[in-house]
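Following the hints, position chain B against chain A.
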Amino acid sequence: MSGVDVLLWGVLPYVMVVILVSGTIWRYRYDKFGWTTRSSELYESRLLRIGSPLFHFGLLVVIIGHVIGLLIPESWTDAIGLSEHAYHIQALVLGGIAGFCTLVGVGILVYRRRTSGPVFMATTRNDKLMYVVLVAAIVAGLATTVLGTGIIGEQHSYRETVSPWFRSLFVLQPDVASMGQSNLEFKIHTLIGMLLFTIWPFTRLVHAFTAPLAYLFRPYIVYRSRDAGPATRPTRRGWDRVG
Amino acid sequence: MRVMAQLGMVMNLDKCIGCHTCSVTCKQAWTNRSGVEYVWFNNVETRPGQGYPRRYSDQETWKGGWVRTARGRLRLRAGGRFKKLLSIFANPVLPNIRDYYEPWTYDYETLTDAPLGDDFPVAQPKSLISGQPMAVEWSANWDDDLGGAPEHGPRDPIVERIRTESEDKVRFEYERAFMFFLPRICEHCLNPSCVASCPSGAMYKRAEDGIVLVDQDQCRGWRMCVTGCPYKKVYFNHRTGKAEKCTFCYPRVEVGLPTVCSETCVGRLRYIGLFLYDADRVTEAASVENEHDLYPAQLELLLDPHDPQVIAAARRSGIAEDWISAAQHSPVYKLAKQYRVALPLHPEFRTMPMVWYIPPLSPVVDRLTETGHDGEDAGNLFGAIDALRIPIEYLAELFTAGDPEPVRTVLQKLAAMRSYMRDVTLERPRDESIATAVGMTGGEIVEMYRLLAIAKYEQRYVIPTAYSGEARELEELGCSLDVDGGPGMVAGSGPFGEASGRPLPVSVETFHALRHRQTSEELADPGEPGARINLLNWDGKGRPAGLFPPRRTASEPESGTADPTADPRPDTPMAKDRP
Numbered sequence: 001m002s003g004v005d006v007l008l009w010g011v012l013p014y015v016m017v018v019i020l021v022s023g024t025i026w027r028y029r030y031d032k033f034g035w036t037t038r039s040s041e042l043y044e045s046r047l048l049r050i051g052s053p054l055f056h057f058g059l060l061v062v063i064i065g066h067v068i069g070l071l072i073p074e075s076w077t078d079a080i081g082l083s084e085h086a087y088h089i090q091a092l093v094l095g096g097i098a099g100f101c102t103l104v105g106v107g108i109l110v111y112r113r114r115t116s117g118p119v120f121m122a123t124t125r126n127d128k129l130m131y132v133v134l135v136a137a138i139v140a141g142l143a144t145t146v147l148g149t150g151i152i153g154e155q156h157s158y159r160e161t162v163s164p165w166f167r168s169l170f171v172l173q174p175d176v177a178s179m180g181q182s183n184l185e186f187k188i189h190t191l192i193g194m195l196l197f198t199i200w201p202f203t204r205l206v207h208a209f210t211a212p213l214a215y216l217f218r219p220y221i222v223y224r225s226r227d228a229g230p231a232t233r234p235t236r237r238g239w240d241r242v243g
Numbered sequence: 244m245r246v247m248a249q250l251g252m253v254m255n256l257d258k259c260i261g262c263h264t265c266s267v268t269c270k271q272a273w274t275n276r277s278g279v280e281y282v283w284f285n286n287v288e289t290r291p292g293q294g295y296p297r298r299y300s301d302q303e304t305w306k307g308g309w310v311r312t313a314r315g316r317l318r319l320r321a322g323g324r325f326k327k328l329l330s331i332f333a334n335p336v337l338p339n340i341r342d343y344y345e346p347w348t349y350d351y352e353t354l355t356d357a358p359l360g361d362d363f364p365v366a367q368p369k370s371l372i373s374g375q376p377m378a379v380e381w382s383a384n385w386d387d388d389l390g391g392a393p394e395h396g397p398r399d400p401i402v403e404r405i406r407t408e409s410e411d412k413v414r415f416e417y418e419r420a421f422m423f424f425l426p427r428i429c430e431h432c433l434n435p436s437c438v439a440s441c442p443s444g445a446m447y448k449r450a451e452d453g454i455v456l457v458d459q460d461q462c463r464g465w466r467m468c469v470t471g472c473p474y475k476k477v478y479f480n481h482r483t484g485k486a487e488k489c490t491f492c493y494p495r496v497e498v499g500l501p502t503v504c505s506e507t508c509v510g511r512l513r514y515i516g517l518f519l520y521d522a523d524r525v526t527e528a529a530s531v532e533n534e535h536d537l538y539p540a541q542l543e544l545l546l547d548p549h550d551p552q553v554i555a556a557a558r559r560s561g562i563a564e565d566w567i568s569a570a571q572h573s574p575v576y577k578l579a580k581q582y583r584v585a586l587p588l589h590p591e592f593r594t595m596p597m598v599w600y601i602p603p604l605s606p607v608v609d610r611l612t613e614t615g616h617d618g619e620d621a622g623n624l625f626g627a628i629d630a631l632r633i634p635i636e637y638l639a640e641l642f643t644a645g646d647p648e649p650v651r652t653v654l655q656k657l658a659a660m661r662s663y664m665r666d667v668t669l670e671r672p673r674d675e676s677i678a679t680a681v682g683m684t685g686g687e688i689v690e691m692y693r694l695l696a697i698a699k700y701e702q703r704y705v706i707p708t709a710y711s712g713e714a715r716e717l718e719e720l721g722c723s724l725d726v727d728g729g730p731g732m733v734a735g736s737g738p739f740g741e742a743s744g745r746p747l748p749v750s751v752e753t754f755h756a757l758r759h760r761q762t763s764e765e766l767a768d769p770g771e772p773g774a775r776i777n778l779l780n781w782d783g784k785g786r787p788a789g790l791f792p793p794r795r796t797a798s799e800p801e802s803g804t805a806d807p808t809a810d811p812r813p814d815t816p817m818a819k820d821r822p
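Sequence order for the protein chains is A and B. Under my numbering, the first residue of the first sequence is numbered 1, with each subsequent residue one higher. Under my numbering, the first residue of the second sequence is numbered 244, with each subsequent residue one higher.
The following block holds chain A by itself, in its conformation from the complex:
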């Protein structure tokens, strides 16, 4: 366990969380107006209708895969009789398909962004940086799935290295040694992932934090009282409401 390991797997994750949380709070308080999907569907919809759902739904499956792989200990899947080999097969098939969809989706979206004039005009430098990190994270992740399951190269059981480290982060006792034993692909993917979460609050990705799930439960028609009128402002001395 070297000093670099401690820095990368014991310090950086917490720095990332601090920036992610405080950055999101800051952005929400000071830039609510900028908190949007910044959709470009108005300019171009043909490619978007293929690329965007492919990317987003693929990503949702990928997220579920990450949650299962990282949070559920190996002993639990052993207990229900799922063998190591069987687990890897399903992870490879589901994760591979979802990751591939995500990559193709984001590929279509990047292509669209570059070739459709109005969409490219509306692309900021911030967007470009975000796309680089996002695509890198997806590619590295897909590489770990393909390489780590033993199709090419040696099989690596990340559930004995990465996952224990990930869970140990939450109890504030990072298991740096476990992560240190993981292979290079996983280390790169994890680092890029942490970079992505670090820049997250400062990019258009924040729209994911306001996924409108409450829509399922609210009444259709929303009524709101007129606000910011004089009545809601603090009253001046001597003009207090009577009765």
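Source of the hints: derived by calculation from the structure; they are not laboratory data. Just to be clear, a hint being listed does not mean it is correct.
The list that follows gives simulated cross-link-like pairs (lysine to any residue, SDA-like), each with its CA atoms no further than 20 Å apart [unchecked claim]:
hint : chain 1 : residue 1 : chain 2 : residue 2
1    : B       : K580      : B       : A698
2    : B       : K306      : A       : I221
3    : B       : K369      : A       : G117
4    : B       : K258      : B       : E487
5    : B       : K326      : A       : F120
6    : A       : K32       : B       : D460
7    : B       : K306      : A       : R46
8    : B       : K326      : A       : L59
9    : B       : K326      : A       : F217
10   : B       : K369      : A       : F120
11   : B       : K699      : B       : Y447
12   : A       : K128      : B       : R482
13   : B       : K326      : A       : I50
14   : A       : K128      : B       : T483
15   : A       : K187      : A       : V135
16   : B       : K326      : A       : V61
17   : B       : K306      : A       : Y220
18   : B       : K326      : A       : D78
19   : B       : K326      : A       : P212
20   : B       : K326      : A       : L82
21   : A       : K32       : B       : Y447
22   : B       : K369      : A       : E44
23   : B       : K306      : A       : K187
24   : B       : K326      : A       : Y220
25   : B       : K326      : A       : P219
26   : B       : K306      : A       : R49
27   : A       : K128      : A       : S116
28   : B       : K326      : A       : L213
29   : B       : K326      : A       : L60
30   : A       : K32       : B       : R482
31   : B       : K326      : A       : S45
32   : A       : K32       : B       : R610
33   : B       : K369      : A       : M121
34   : B       : K326      : A       : T77
35   : A       : K32       : B       : G444
36   : A       : K32       : B       : K326
37   : B       : K369      : A       : V132
38   : B       : K326      : B       : T312
This structure is a prediction, so every number in the text was calculated from the model and none was measured.
Showing chain B alone in chain A's frame:
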């Protein structure tokens, strides 16, 4: 019964000349920004025509508004909550910018920069979306005044529908063509499908006055409202990524001023006032089975503000006394419910729109006179209504979901008014049978005539202010020097001279300035503090009386502000500050 107040508008289409002043002033006031170049909160469409955006009223394509399910419930046409969330990553029925039009500017610079050559330099059109040169092929008013009607007119969804019934009803040959103008703003519906479509809950209906607004801080740009609105009156700002829509000029309305479009309408065809309606029965009214019953059901929702029960219920709901009184004097209630001459636009969308239209009575008198009839005789007029140049079927598709009967009744009332008022003007005995033939009394006809023909500003716009119930709380106005003629009464002036004291809210200042301009008989007196000359009326030549304050006599001490007519003095600090 849960009584709520709703600001509504009535437009008298007989008076609309299609000058687009409402659209232009609205655009100058609200959407002259980058990202909303293509956005017209108010637009004026020529009918028959495709409208803006193209063919917006064809809900088979655009999926706006509500539909009634087989079980009698209302469902968003574009799909319910789950379908909305599943299609959130790419809205399947969002109009493209080309369905509106690609906004452009001209490359004016080449006019001055072009090198000397044999050809005249030209200012090429350049897209404001892509920055590239573009061919201008469509815009918000491409088919204005039936321009290109033989080509574009048949694509009007209403024309398509009534042509399946009779090929003869709509003709685009010059001699047989008809047209009228339809100014459109947001309908501020009682059952708004845009609000229901918004996944973020950023769109809302104001509880006090029913204005439908978008919370710009809460909007996340999911674009479902654009699809949800069957009138396509919610627009997407492509720079900020937020939805924007007509606000019913709420900052003006709150201080009792009419909307910009109404204020600037040269035909004075717009009326603004309050409706009181029963909020508990809106869904029930919007889900009646037969589309032809939607207009009567909507009328049923509007409550009689003179009914003591309604007044009591309104008080229980916390509606202020001056709002109840405004509802009793509301011109829109009179036109929509009492005289029943105003009709809602496309009630079949089931959103219960609150902008109403008095359908146009074509130039019928001249036509009858030409054929040797007495053009203002009631009998002749009634007989001619079915042969009007603007087919009743067309108006019915616009205003009553295709039911011609209410439209015919309205046109008969308008015809009866002409006939009855002729006798009044010529001081002949009034023929009460004309009034009774359309279910009105002579007195009502005269009242309706006054409202439609000669109503003044105060009768056309009966707008209760948002603040009168809370006047004590309006701290900026809370000044002990508010007595008549006291310094507190003059906008922009505090106890220690001009611009002293707390700054006035812009809305209050504008209110005073506008009221002064509208009510004063003569030019503003420059000696009077706070008086203004309207520079828009000044052609830049000469010096109209009152442009500058009177010259000071030599005995008076110099004050801080320099007399603009005096020689410029470069050594004063003020002059140095200028570029």
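Hint by hint, here is what the structure shows:
Only pairs whose Cα atoms come within 20 Å are accepted, and K580(B) paired with A698(B) is accepted, the gap being roughly 18 Å. Note on K306(B) and I221(A): the hinted pairing holds, with a Cα-Cα distance of about 18 Å set against a maximum of 20 Å. Between the alpha carbons of K369(B) and G117(A) the distance comes to roughly 13 Å, so the proposed pair stays at or under 20 Å and holds. For the hint linking K258(B) to E487(B), the alpha-carbon distance of about 29 Å lies beyond 20 Å, and the restraint is violated.
Of the supplied pair hints, the one linking K326(B) and F120(A) is violated, its CA atoms being roughly 30 Å apart against a limit of 20 Å. Of the pairs offered as hints, the one joining K32(A) and D460(B) holds, with about 5 Å between alpha carbons and a cut-off of 20 Å not exceeded. For the proposed pair K306(B) and R46(A), the alpha carbon gap of about 18 Å is at most 20 Å, so the pair holds. Our distance criterion of 20 Å between C-alpha atoms is met by K326(B) and L59(A), whose separation comes to about 19 Å.
With a CA separation close to 14 Å, the supplied pair K326(B) and F217(A) stays within the 20 Å bound. Taken as a hint, the K369(B) and F120(A) pair is honoured in the structure, with Cα atoms around 17 Å apart against an allowance of 20 Å. For the proposed pair K699(B) and Y447(B), the alpha carbon gap of about 33 Å is over 20 Å, so the pair is violated. Proximity of K128(A) to R482(B) is assessed by CA-CA distance (about 17 Å); at most 20 Å being required, the pair is judged to hold.
As the CA atoms of K326(B) and I50(A) are separated by approximately 17 Å, the hinted pair is consistent with the 20 Å bound. The hinted pair formed by K128(A) and T483(B) meets the criterion: a straight-line CA distance of about 18 Å does not exceed 20 Å. Only pairs whose Cα atoms come within 20 Å are accepted, and K187(A) paired with V135(A) is accepted, the gap being roughly 16 Å. Taking the CA atoms of K326(B) and V61(A), the gap is about 19 Å. The hint holds against a cut of 20 Å.
A threshold of 20 Å between alpha carbons decides the hint, and for K306(B) with Y220(A) the separation of about 17 Å falls inside it, so the pair holds. As the CA atoms of K326(B) and D78(A) are separated by approximately 38 Å, the hinted pair breaks the 20 Å bound. As the CA atoms of K326(B) and P212(A) are separated by approximately 13 Å, the hinted pair is consistent with the 20 Å bound. Distance hint between K326(B) and L82(A) is unfulfilled; the C-alpha atoms sit about 35 Å from each other, more than 20 Å.
Proximity of K32(A) to Y447(B) is assessed by CA-CA distance (about 18 Å); at most 20 Å being required, the pair is judged to hold. Proximity of K369(B) to E44(A) is assessed by CA-CA distance (about 18 Å); at most 20 Å being required, the pair is judged to hold. Pair hint K306(B) plus K187(A) does not hold up; C-alpha atoms about 49 Å apart against a cutoff of 20 Å. Restraint check: the Cα-Cα separation between K326(B) and Y220(A) comes to about 14 Å, which is no more than 20 Å; the hinted pair holds.
A threshold of 20 Å between alpha carbons decides the hint, and for K326(B) with P219(A) the separation of about 16 Å falls inside it, so the pair holds. At roughly 17 Å between alpha-carbon atoms, K306(B) and R49(A) fall within 20 Å of each other, so this suggested pair holds. Annotation: proposed proximity of K128(A) to S116(A) holds, straight-line Cα distance about 15 Å (limit 20 Å). Note on K326(B) and L213(A): the hinted pairing holds, with a Cα-Cα distance of about 13 Å set against a maximum of 20 Å.
Between the alpha carbons of K326(B) and L60(A) the distance comes to roughly 17 Å, so the proposed pair stays at or under 20 Å and holds. At roughly 15 Å between alpha-carbon atoms, K32(A) and R482(B) fall within 20 Å of each other, so this suggested pair holds. For a cut-off of 20 Å, the pair hint linking K326(B) to S45(A) stands: about 19 Å separates their Cα positions. Distance restraint check for K32(A) and R610(B): the Cα-Cα separation of roughly 60 Å exceeds the 20 Å cut-off, and the hinted pair is therefore not satisfied.
For the given pair, K369(B) sits about 14 Å from M121(A) by alpha-carbon distance, which is consistent with the 20 Å threshold. For the hint linking K326(B) to T77(A), the alpha-carbon distance of about 34 Å lies beyond 20 Å, and the restraint is violated. The hinted pair formed by K32(A) and G444(B) meets the criterion: a straight-line CA distance of about 14 Å does not exceed 20 Å. A distance of roughly 27 Å separates the Cα atoms of K32(A) and K326(B); the hinted pair therefore is violated under the 20 Å criterion.
Restraint check for K369(B) and V132(A): the C-alpha separation of about 31 Å exceeds 20 Å, so the hint is violated. For the proposed pair K326(B) and T312(B), the alpha carbon gap of about 16 Å is at most 20 Å, so the pair holds.
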